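Undergrad: If you want the building blocks of each chain, they are given just below.
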Amino acid sequence: MGNETLYVPTMAEMMASGKTPDVLFWVGCAGSFDDRAKKITKAFVKLLNKANVDFAVLGTEESCTGDPAKRAGNEFLFQMQAMTNIEVLNAYEVKKIVTTCPHCFNTLKNEYPSLGGNYKVMHHTQFLKTLLEEGKLKIEGGSFKGKKITFHDPCYLGRANGVYEAPRELIKKLEAELIEMKRCKQNGLCCGAGGAQMFKEAEKGDKEINIERTEEALETKPDIIAAGCPFCNTMITDGVKAKEKESSVKVLDIAELITNAQDL
Amino acid sequence: MDHLLDNIVFAIILFAGIGFFSVNVKKLIRNIKLGKSVDRSDNSSARWKNMALIALGQQKMVKKPIAGFLHILVYAGFIIINIEVLEIIVDGLFNTHRAFSFLGGLYNFLIGSFEILALLVIVAVVIFWIRRNIIRLQRFWKPEMKGWPKSDGNIILYFEMVLMTLFLTMNAADFAIQHGNFAENHHYITAGAYPVSGPISALFSNLGYSTLVIIERTCWWLHIAGILVFLNYLYYSKHLHILLAFPNTYFANLNPKGQFTNVESVTNEVKLMMDPNADPFAAPEETESDEMPEKFGASDVTDLNWVQLLNAYTCTECGRCTSECPANQTGKKLSPRKIMMDTRDRLEEVGKNIDANKGTFKEDGKQLLNDYITKEELWACTSCNACVEACPVNIDPLSIITEMRRYLVMEESAAPVELNNMMTNIENNGAPWPYNQMDRLNWKDEA
Ligand code: SF4
Ligand code: SF4
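From first to last, the protein sequence lines are chains A and B.
Heads up: the first sequence begins at 1 in UniProt numbering, then just goes up one per residue.
Heads up: the second sequence begins at 1 in UniProt numbering, then just goes up one per residue.
Quick caveat, the hints were computed from the structure, so don't treat them as lab data.
Since this is a predicted model, take the numbers as computed values, not measurements.
A portion of the hints provided could be inaccurate.
[To be verified] For lysine-lysine, the following DSBU-like pairs were computed, each having C-alpha atoms within a straight-line distance of at most 35 Å:
| no. | chain 1 | residue 1 | chain 2 | residue 2 |
| --- | --- | --- | --- | --- |
| 1 | A | LYS19 | B | LYS271 |
| 2 | A | LYS204 | B | LYS63 |
| 3 | A | LYS243 | B | LYS142 |
| 4 | A | LYS138 | A | LYS39 |
| 5 | B | LYS444 | A | LYS200 |
| 6 | B | LYS63 | A | LYS182 |
| 7 | A | LYS120 | A | LYS95 |
| 8 | A | LYS185 | B | LYS60 |
| 9 | B | LYS36 | A | LYS200 |
| 10 | B | LYS33 | B | LYS63 |
| 11 | A | LYS204 | B | LYS366 |
| 12 | B | LYS444 | A | LYS136 |
| 13 | B | LYS64 | A | LYS207 |
| 14 | A | LYS182 | B | LYS333 |
| 15 | B | LYS36 | A | LYS120 |
| 16 | A | LYS221 | A | LYS147 |
| 17 | A | LYS147 | B | LYS64 |
| 18 | B | LYS444 | A | LYS39 |
| 19 | B | LYS142 | A | LYS245 |
Just chain A, with the same shape it has in the complex (with noise of 0.2 Å):
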């Protein structure tokens, strides 16, 4: 699995080629700089790659959305961010954008739009299964047949923009035993990342929130805990190691489930 074979073209390459992509991926902070987010990000590559995506990134004249400073109460900075980038995708008359983060998500979605950033923005599972629709990729079960997985809903993609269905159905595709925590969909309880906490410890209490949910994914007794956004992807992983389960529990984003079960 050689990383030579990414194709990654910038926004900035394309133009000087003449060429306008069809989607720009957003890849966002977390999955620019964060570690264990860097191998969602590469997964999503490789999808985009296999479906033959015409695609390209920002590189390095992406920047924060703004979204952190927004929820944590910090307007002036959102919108510095935000103006800076829109002036960038307007630009580049980006149209429409994929991210695999849902903070970006929603804030590319429904913030920008009144800055003067119109676009037509998408999670990457809802684009996944667009491409699983228009038979562009096709998505086996293989190692995943039969396994147990459960689906955290990140707070910004389910409850902020009612998306519950586009990650459950791809999962559904690998052939894997769906199950549904207790508290799910509209009801899902937060890893306690969103709104600036994943910068900060948290006020004082008696558990920690991302504990909470961990113990309450472990219920389901999942093989795979699947998740759709980076920060919510750290916080179970820390939940699954701080439970000692990390050796039978994987914490998988939906992509890597997908490039995993074809042995991308």
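The hints should help you fit chain B with the ligands onto chain A, whose structure is shown.
TA: This is chain B with the ligands only, laid out in the frame that chain A set:
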């Protein structure tokens, strides 16, 4: 002549009750209007639909099936039985008895169903009381539910029990008179069906006509007086939701829950900062010169918008938000219900201050932030929207938390240190961590 006196007393009680209530309604509307403007005039068809489904149809109540079902009983029962109040008012003002009995079969049907509903309401209310006081459901025993909020919850239940009992006792006495063949009876006509009070009236079988009349009249008077007292109790109680649930669901946010507002004044400033043609030394526009610069975020209720204030008055303190809140579940101080209760308490305080000072607010050295809601609560929120999703009347506690965080960060630079670090990183290198923006694509070539 004594009938005339009855009618006059009745009219006085009725108009005093309604009059006092309308004074409080005016105050309520004035207080809500202390909030900032926010436009919720769009998409009226979706708004009517929300109101029909969520307020009238109780769509979100039944997410908790037991409480939801019992609540529908009480709600439907209470509203439908109050049709009876119309008849009581007509009877009271014009000295008639059972003025609607001319409806014949329909009247029997109505009175019969009112009785069954009244019984069901009593049963439901008793179960509610047991859940609160014997089973002690956790969400009714959180710290913010001590004192008045706890009594309020029970008082409402007692009110409903008493009103329904009065209604049934009144009918039982009436039934006993109707079937008692009393020679002196010229007033109590035979009308109505009494599936519940009929059997109860067996208790009255030994009583004479005049005693029965006294029972019937006493219950009748207490019933209507009780309803008027209850009406006026609403303003002081979480029970206001029976009225405000309707406007509240109508005016609720229709955007995706993840979409936070973009503060317009910030947009203008940021645009100016980023505009290469703008003259940084230009004097601010004339028109703005003597206005106070706008405050960012909210430190007091008057910084919130009117929908958020309407939310606060609508909150019925059910605690569904708090019991879904991840922060609260893991022992943090944050409770979205408390955010709403604090907002209402502070708003009431501001309103009273305005009343006491001839219509203007006199600085009282207090505000919503710190005096009611602490920073610790505000920083515990994960912005997960579980509270918003859970609220059966579409209240949005998260929007208040966000406004208050905005105040803390933009006016007081009072974010926790780690968040300040995160923000400095974004400012300097375009990521919440200290990585160089030029390294953003390195993952591509890493093994
Ligand atoms: S949005 Fe904040 S207050 Fe509401 S449930 Fe989530 S953590 Fe609690
Ligand atoms: S905000 Fe809504 S859910 Fe929370 S206590 Fe009030 S009415 Fe209940």
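Undergrad: Of all the hints numbered above, which does this structure not satisfy? Sort the numbers upward.
TA: No hint contradicted; all consistent.
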